[in-house]
Every structure is written in structure tokens, then in C-alpha cells.
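Enquirer: Chains as they are written, first to last, in my numbering: chain A, 1485 to 1812; chain B, 1485 to 1812.
I should point out that these hints are in silico values taken from the structure, not numbers from a laboratory. The beta carbon of each residue, even a glycine, is placed where N, CA and C say it ideally should be. Each hint should be verified, as a subset may be incorrect.
[Stated by the list, open to error] Per label pair, the in silico range of CB-to-CB distance:
no., chain 1, residue 1, chain 2, residue 2, range
1, B, D1612, A, E1681, 28 to 34 Å
2, A, L1778, B, E1503, 40 to 46 Å
3, B, D1612, A, K1725, 50 to 56 Å
4, A, P1716, B, E1710, 54 to 60 Å
5, A, E1681, B, D1805, 55 to 61 Å
6, A, D1572, B, E1571, 43 to 49 Å
7, A, D1507, B, N1544, 36 to 42 Å
8, A, M1574, B, D1771, 43 to 49 Å
9, A, D1572, B, V1736, 44 to 50 Å
10, A, D1489, B, E1503, 45 to 51 Å
[Stated by the list, open to error] Reference listing, derived: stretches of chain A covered by chain B, where coverage requires no fewer than 3 residues with Cβ under 8 Å from a Cβ of chain B:
no., segment
11, 1559-1569
12, 1633-1645
[Stated by the list, open to error] List of simulated lysine-lysine pairs, PhoX-like, C-alpha gap at most 25 Å:
no., chain 1, residue 1, chain 2, residue 2
13, B, K1504, A, K1620
14, A, K1504, B, K1620
15, A, K1715, A, K1785
16, A, K1527, A, K1811
17, B, K1715, B, K1527
18, A, K1493, A, K1785
19, A, K1620, B, K1620
20, A, K1527, A, K1504
21, B, K1493, B, K1527
What follows is the residue order along each chain.
Number of protein chains: 2
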Amino acid sequence: MEILDVLKKYSAGVDREIEKALDTVDPENLYNASKHLIKAGGKKIRPALVLLTAEAVGGNIEGAYKTAAAVELIHTFSLIHDDIMDEDEMRRGKPSVHTMWGEPMAILAGDILFSLAFELVAQTQVDDVPASRVIKALNTVVDACIKICEGQACDMSFEEKFDVGESEYLNMIYKKTAALIAAATKSGAIIGGGTAEQVEALSQYGELIGMAFQIQDDYLDVVSEEEELGKPVGSDIVEGKMTLMVVHTLSVASPEDKEELIFILKSGDESNTQRAIDIFNKYGSIDYTRDIALDNVNRAKDLLDLLDDSPAKEALYDLADFMLQRKN
Amino acid sequence: MEILDVLKKYSAGVDREIEKALDTVDPENLYNASKHLIKAGGKKIRPALVLLTAEAVGGNIEGAYKTAAAVELIHTFSLIHDDIMDEDEMRRGKPSVHTMWGEPMAILAGDILFSLAFELVAQTQVDDVPASRVIKALNTVVDACIKICEGQACDMSFEEKFDVGESEYLNMIYKKTAALIAAATKSGAIIGGGTAEQVEALSQYGELIGMAFQIQDDYLDVVSEEEELGKPVGSDIVEGKMTLMVVHTLSVASPEDKEELIFILKSGDESNTQRAIDIFNKYGSIDYTRDIALDNVNRAKDLLDLLDDSPAKEALYDLADFMLQRKN
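Please model the complete structure; the sequences and the hints are all you need to start from.
Expert: Rendered as C-alpha cells:
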């Protein structure tokens, strides 16, 4: 099965759980604000990872649906709050929640999705999922939530800061993006009843593809065609965003090139974009970024070796590749 | 022991748990923003209720400290986010978190306290607290979080709305305030290993004193001396806030008095305060409010009858009375 079909197949059950969880939210404007971004779509990679890892360790998929939905709600909550903090007016091709309902309601919408996520995890009480596993999964998910907050705080602290080291940058994207993806694969393995070794391997698998996912984001910004990317090429450069290309170039470039790159990043002038890309290329930073993403994906796939062969294992393999195949 | 001494005695262990939970928060500005409101103090009634109810059903207090700390963190998270939404610049006599660190960091500070709260509940894994109890306590706490969000959304929807019915108003303060206090007493009883009957009674006890707490707030605004209240008497009237006095008066007053009260509430003019109080008194709304608070407290105390006598039971009795004794 094509990986996009796999995602679609798994998302139906997840959507049902999310709908059930949201159904009782009251008053109506809070309900509408909470549902907005979920209705707007998204690929639902994270919940699929919970379900696939639960299956891949031989567990029953039914027991994992609530945690899968919870992980998607946590992702959605973080997008809603991030959009407020970053003053982003669009998300998934639609106005962001705070743009439509105002900041107070958007804060609340995020908060209630967050609450509902934990309610879902706590409700994972089917026959073959003992309470001790539920608590372990809960610990896994909550740990990722803490990291998401820390990652966002780090990311905000990087603004106008041009001495961010590579490890500091990688730690930020680990917390902001990879930690929740690792929590998805780890909690799936826990709920599915995986061995300690399997849980650890799948946790690492999630972390590696999560890092690849974010690094590929950096990479796509400069190597894509605008039609495929869905936004102008070089947006990150115009916005002066820290990316792995920037971090790498700043760490190896000559003082002159470094100064010029910082000037461009501060300028917000899109006519400078090609010059920034030239500087990246001069220091091999674009290839470097692609290589790191590829290396992460390969290491992630190797970790799957200790699983028995199954369609779920195959899908996890394909999902790792998908991190680099996606065009937007 | 005096009830304030009881609160002080119990808060030491809670403070230690909170400090441990917050200790690893990174980066530093997020750590400072998260700690700010906790350092500013507060009476710590909610965590004391978790500990006292756990003791009152014969449980070991040690197993309840983490949930007690979690409930206090949830309370703090909701204050931080409410202050952003309501644009309140002061809290506990200090600048609010968003006033000091800006809105983005205040949103994050709330989010991470919320996350840490669930981490604390999930970590309740001492010998005499089985995992099934932890999950029940988690469900209780998370249910209150959902209600807090809904209550705040209701409260915001009441602004400039003068046809709020009494049951609608009481439902709002139940969700916004009483639900978390009920979750404190219920989760304490669960973790302490109380019978189903004890858990239910203590949950109701919490709800009743929570309602009394909020209704007393309404009452104090018009019957206090400014020095005792710590803010000008009649602030709620000047701010045009919905209170039980307003709701009651609007439901029984003549069309003329109703119109005048609405005019005063919209005016924001403090020279009208005494006139509003006169209208409240004309319809017995101030006595009505005090009577409802008193009735809640008495019903709460009656519910304690099914507990064996103990210092914890006595303290719960005194805490119910304390809801109406407090001057601010």
C-alpha cells in the first residue's frame, strides 16, 4: 500500500476518537475554535505512528486509538499556541485560530485540546492494556509536552541571535518537533506491549525521523519549486529564521561571508535570497543539511531490524523514507 | 490547630514537590516566568484539600503529595492564562506573568505548568497507590481542566450580556472555580483509598465549598472595608462584572431598577457604586448571596459526617467555615 493510503486508512479511526472527545465541548464558540484547525486537515503522521508501532510490536491496534488521537490533539494544541506567539495568520491554508476567534479564545482552544488529550490517554482502559502501561504511555506523552514548551521558548530566544551553535539548534528542533514524534512511536510500542528493547528502538526511530522531518523542512525552503512548496522559496531566509543551513554556514564561513549572511537575514529583503543560497552553497551547507536528514532516516530504518516482518513494519520503513520524499 | 496553621503545615511538602518538578525547566526565562506566580504565594487551599481528604479516608499522605502539587500547578496555569485573556496586570500583589515576560512567554509558562501537573500525577507511583487509582485521579483532575476552560469561555461570553440566568451563572462559577476544588477533594479521596461513598461525598464537599468560595467573593466585594479587601469596595460593579447579586437583582427587579443597574454596570463610574448597592439591597440580593454561600458551607460540612473522626476531618470542617471567614 502506498504510504499516503496507509495514513488515510489509519486516520479514519483517529478522527472518530477526536470527534468523540470534542463533542461535549461547550460553549459553542469554544467548540468551534477548538475544532477549526482539526477540520482544516493535516497528514496525521503522528497518530499513524502510534497505531503502526503498537501493531509492529504485535499489539492490538484498538488499544492505541485513544493515545493516537491524544498525540494529534497535542500537536494541534501546540500549533494553535505557536501561531499566537509567532503571530502567524495562516495555517494549513486557512486563517489561524486566533485570527478568526481572537487570542483569548485561541489560548482556551489550545488549553482544552491539551486537556482532552490527557483525558483520552487516561481513558485507554481496554481489556488488554493494563493500567501500568497506560501510566507509562502517559509519562511518555507528558514528557514530550514539556519539551515542546521548552523547544518553543528556545526557538523564540534564537530570534536576532546569530551565534547559535549546531548542537544548540539541533536540541531546539529535537524538543520542538522530534520529541512528540518520538513520544508517538514510544507510546505506541508501550501500549502494544513491546519489549523494553523494542520500546527503546522505536522511541529512537521516532526521534530520528522527527529530526529528519524538521531538517528536511529547512532543506526544502531553498531547493523547492514554489508551486510544490506552497509558499515562496527562501521564505525562511526572508524571515531571518535559524535553519541548519544558517547554523552550519555561520560556523564555518569567512568573517566577510558571515557578516553578509547576517546582513541578509536581518534585511527581510527577498531580492537577497539567491545571494544567501549562493553563500550556503559555497560552504556546502545545503548538501550538508540533506546528508544529515538522509543519515537520520537511514539510522531510523536500521532500528526497525529487530521487529518481526509485518505490514506495520513495512509502513514504518516507508514512513521514514516519506520524511524526505515529501515536497511540502 | 488554627486552619491557617494547617494550610502552612501542609504547604511545605507541596512546595518541595513543585520545586522539584520545576527544577529542570529550561531555558532560564521560561523557568523564571513559570516560577513567578508560585513564588508570589497564595494560600494553597487546593493542595491542602488533596492531602486532608487522603488522610481523612485513612490513606497515607505521602502518596498524595504529587497530586496535591499538580492541582496547585493547574490552578496557577489557569491564573496565568486568565490574566492574559482578561488583561489583568496584577496578581497576588505583583505584576502578572505576561506583564513581566510578555504574552508569548506567559502562554508557554502556563502550558509548561499544565504539562508538569500531569507529569506529577503520572509519577504517583508509591507502594500503596496502585496504578488504577492513579488513573482515576488523573481522570478526575483532567475533567476539571476541561471544565476550567469551558468556565472561562462562559465567563468571557457574559461580558456585556445582561440576561444571564442564575443557573447559567452558577454553572459558570462551578466550572471556573468549584470543579478544580472538587477535583482536589475527590482525587485526594481516591488516592487515599476511600470507599466509593466517601469519594462521592468528598467530591460533593469540594464542589460545595468551591461554590461558597466564589459566591463569598461576590459578597465581599460589596460588604467589606477597603483595607481588609485589599482593593476598592465595589470593584466588580465598576468593572461591570456578573455576580450573584447582579444576576439575582436582574431576575426580580422592576424594569426601571433593572435598567438603572445595567446603566451603572456599563458606566464604569465608581460614583455609582453606592446606588448599585442600594438596588441590590432593595431586592435582598446581598442577603440572598450570603445565604446561598452559607447554605453551601453547611451542606458541605454535613457531608463529612460519614468520615471517622480525625484531625483531618476536623480540618476539613474548619476549611469549609474558612470559606466564609476570609476577608479577602
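Enquirer: The structure should be examined with respect to each hint, and the outcome stated for every one.
Expert: Taking the hints in turn, this is what the structure says about them:
1. D1612/B x E1681/A: 28 to 34 Å: Once the Cβ atoms are compared, 31 Å apart, the range 28 to 34 Å for E1681/A and D1612/B holds.
2. L1778/A x E1503/B: 40 to 46 Å: holds (44 Å)
3. D1612/B x K1725/A: 50 to 56 Å: Holds, at about 51 Å.
4. P1716/A x E1710/B: 54 to 60 Å: holds (59 Å)
5. E1681/A x D1805/B: 55 to 61 Å: With Cβ atoms ~57 Å apart, the hint holds.
6. D1572/A x E1571/B: 43 to 49 Å: violated (22 Å)
7. D1507/A x N1544/B: 36 to 42 Å: With Cβ atoms ~38 Å apart, the hint holds.
8. M1574/A x D1771/B: 43 to 49 Å: Cβ of M1574/A to Cβ of D1771/B: about 54 Å, so the range 43 to 49 Å is violated.
9. D1572/A x V1736/B: 44 to 50 Å: At roughly 49 Å between Cβ atoms, V1736/B and D1572/A fall inside 44 to 50 Å, so the hint holds.
10. D1489/A x E1503/B: 45 to 51 Å: At 50 Å between Cβs, range holds.
11. 1559-1569: holds (count 3)
12. 1633-1645: holds (count 7)
13. K1504/B x K1620/A: holds (20 Å)
14. K1504/A x K1620/B: Holds. K1504/A to K1620/B sits at ~20 Å (cutoff 25 Å).
15. K1715/A x K1785/A: The hint is violated at about 30 Å.
16. K1527/A x K1811/A: holds (13 Å)
17. K1715/B x K1527/B: holds (18 Å)
18. K1493/A x K1785/A: holds (22 Å)
19. K1620/A x K1620/B: holds (15 Å)
20. K1527/A x K1504/A: Roughly 20 Å between the alpha carbons, so the hint for K1527/A and K1504/A holds.
21. K1493/B x K1527/B: Cα-Cα ~11 Å, so holds.
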